[in-house]
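Q: Please take these sequences and the hints and turn them into a complete structure.
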Amino acid sequence: MIGKITGIVSYKGAGYVIVDTAGVGYKVFIKQATMEELGKLGTKPAELWTYLAVKENAMELYGFVHRETLEFFELLLTVTGIGPKTALAILNIAPVPTLRSAIASGDASHLTKTTGIGTKRAERLVMELKDKFEITEREGGAHQDTSDVIEALKALGYSQKEARDALQKLPKDSATPEAKIKQALKTLGRG
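Just so we're on the same page, our numbering is the position in the sequence shown counted from 1, plus 23.
Just so you know, the hints here were simulated from the structure itself, not pulled from any lab data.
Think of the CB as a built atom: it goes at the ideal place given N, C-alpha and C, for glycine as much as any other residue.
Incorrect hints may have been included.
Said to hold, decoys possible - Straight-line distance between alpha carbons at most 27 Å, and here's what the computed DSSO-like set of lysine-lysine pairs gives: (1) Lys192 <-> Lys63; (2) Lys67 <-> Lys35; (3) Lys50 <-> Lys78.
To be verified - Label-pair restraints from in silico Cβ distances: (4) Met24 <-> Lys63: 27 to 35 Å; (5) Gly38 <-> Arg90: 14 to 22 Å; (6) Lys108 <-> Gly180: 27 to 35 Å; (7) Leu64 <-> Lys209: 22 to 30 Å.
A: Structure, rendered in structure tokens:
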């Protein structure tokens, strides 16, 4: 099992990178926010925690900058009907604390924003994982803030995807929903 890979990112594709390690290029599927965290090609070594998905006809490597994200990814895989590509798509909609909070509070609607996740599948995911998370007041507030910011950006004419992408780029220390909206608008070029 490949648990971690360190090397130079030599290529970025749609949803994956090629990481060169000791003369071997590994194709690693990553989430969009990770693509941006890795920076420019060939500039510095990248370190990714990995999950190796073995199928009958393929072996696929999924990479994450943070161990917490990998652990959440692996937890998503324990849900009936959720495979690696769907789990990665779920991770693309919001940061892990927001997703944990949505699941812990029983908010299946937050998960239906993922392509390929309908209401029934989202409800199953919440049902199977809800008891595995202890929600804190801070996480609950963070989930509500994220939903509020996305709705505000949508009201200003941005798509769901544009709003989510802008939120992913915000620093983790953004305090209030108003500050997040201002920063998101700057990211989107209207601030």
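Q: Hint by hint, say whether it matches the structure.
A: Against the structure, the hints come out as follows:
1. Lys192 <-> Lys63: holds, 16 Å
2. Lys67 <-> Lys35: holds, 14 Å
3. Lys50 <-> Lys78: Roughly 16 Å separates the two Cα atoms, so the pair holds.
4. Met24 <-> Lys63: 27 to 35 Å: Holds, at about 30 Å.
5. Gly38 <-> Arg90: 14 to 22 Å: Holds, at about 21 Å.
6. Lys108 <-> Gly180: 27 to 35 Å: 30 Å Cβ-Cβ, so the 27 to 35 Å window holds.
7. Leu64 <-> Lys209: 22 to 30 Å: holds, 26 Å
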